[in-house]
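A.B. asks: Chains as they are written, first to last, in this note's numbering: chain A, 1 to 120; chain B, 1001 to 1153.
Source of the hints: derived by calculation from the structure; they are not laboratory data.
From a predicted model like this one, the values you see are computed outputs, not experimental measurements.
Possibly wrong hints are sitting among the right ones.
To be verified - Derived DSSO-like pairs: lysine-lysine, alpha-carbon spacing no greater than 30 Å straight-line:
1) Lys1130/B to Lys14/A
2) Lys1145/B to Lys14/A
3) Lys1103/B to Lys114/A
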Amino acid sequence: MRVLLVDDSTTMRKIQRRLLSGLGCNDVLEAGNGKEAMTVLENFDFEFDLVLCDMNMPEMNGIETLTAIRAVTKKLPVVMCTSVAEKSAVMEAIRNGANNYLVKPFAQDVFIAKIKPFLS
Amino acid sequence: MNYETPCVEAVIETFGAMCGIAAERQGSAEIIPTPKMIQTDEMLGIIGMTGASKGDIMISMKMEVAKKLVGAFIMEEISEINDELMDGFGEILNIIAGAFAAKVEGIKFQLALPTVMVGQHQTHVREGIKFVSIPMLFPGWGEFKAMILMEET
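The following block holds chain B by itself, in its conformation from the complex (with noise of 0.2 Å):
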């Protein structure tokens, strides 16, 4: 099942209708080898999937990119993290899950409701999920990751 295009498409039109930011591919997806521990960026949202796949989709960027894409979303400055910010992040992501999820041909998937984090995350990805990370840019503002977790069947 390919997850990687789905994904990307989610990420860059969400972004461009609901926050008018042109997002793009940085490079090639990597597929991670699990058991792995992961190091993400200091805001992490994390949406679970769950349908005769199950998974989650977590997108991690640097808070000051974070707080200019959620700004853009409210078309307000944030400047501290609050929890505008939060909630706003968590938004975003439910509405990448469900673009994801609608372009996934052949499964049907229910949203779990997003978790947001900040700061310096460690995370454990467990053996037998199928790990892909994109790299991906908002050209002038600086890099982010899009990453999905799949169970494999």
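This is chain A alone, in the form it adopts within the complex (with noise of 0.2 Å):
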């Protein structure tokens, strides 16, 4: 299983790569923001199992990630990660091809709720 993590904060990737480690899931690359992340893509082939993505990033937003995650590939599962004020933000990115979202704050049974059974 392999996921790419999309995050401007290295300490949410981090608390979110140690997440997926509990769910046996060590193959994980990071990006910082959705340039790096399509830079990371392109270089496997967009060959994930999952891209967990923020909103809230600079560069190139999640919605903007999310928009040219599809334009090349509709099946790569893509779990937007936002705070609640960007709550209305998800529910487009959903209508746009987003998989899932986590609203941070987020307890761990939660995270594991969302994103385990795109690792299964």
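Using the hints, build the complex out of the two chains.
C.D. replies: Rendered as structure tokens:
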């Protein structure tokens, strides 16, 4: 299982990486914004099992990143990670092809419940 | 507009869910007349919000408390001031602001990126800003302040 974490916060990526490790997923790559994410995805020919993507990022935000991914592939699962203030934007993201969303603040069991289905 | 209750709820929920830490209110909120020069603690985070109203949320606490808080967030001990401390504090603030914005009824906020500063700060709050300072506490760790600064309409 290969997962790409896209978040401008290194701390949040670290937390998510640890939670993924607890689910047995250790093939985890990281990107600090959408532009970096697209470079990583292209380098791996979009061969990922999941992209977990923050909404509020500099350079290229979550919606722009999702749009760029969906322009290439409809199959790659993308879960948007957001603070509740952006929830309406997340619903827009779902309409535009996001597979699910994770709202911050989240407890560990919520993270696991949202992410585990994509890793099984 | 009541900003105090959403702020307190957002702070308590975020620290509880993301850090596993119980925070509590320590007293009544103080509405501070502006313009005002304020002294904050060693660790200060600010995040801007824009929308029908514009303003900032600030969280200020002593460095040792901030290290414990971010350490609980990332589940690792933080012993020095480093990028992880700064980034983690900013991310916590980002989550608080998001939760706050969702709780304020009737206003849709856009969040800016958080700014985190270390050191003894003096911050000038200009006239025309409603400045609410809420004393809060991590029992066993120490005090901190949650502050809301909103443009008066």
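A.B. asks: Under the constraints set out in the numbered hints, which ones does this structure not fulfil?
C.D. replies: Violated hint (a single one): 1; every other hint is consistent with the structure.
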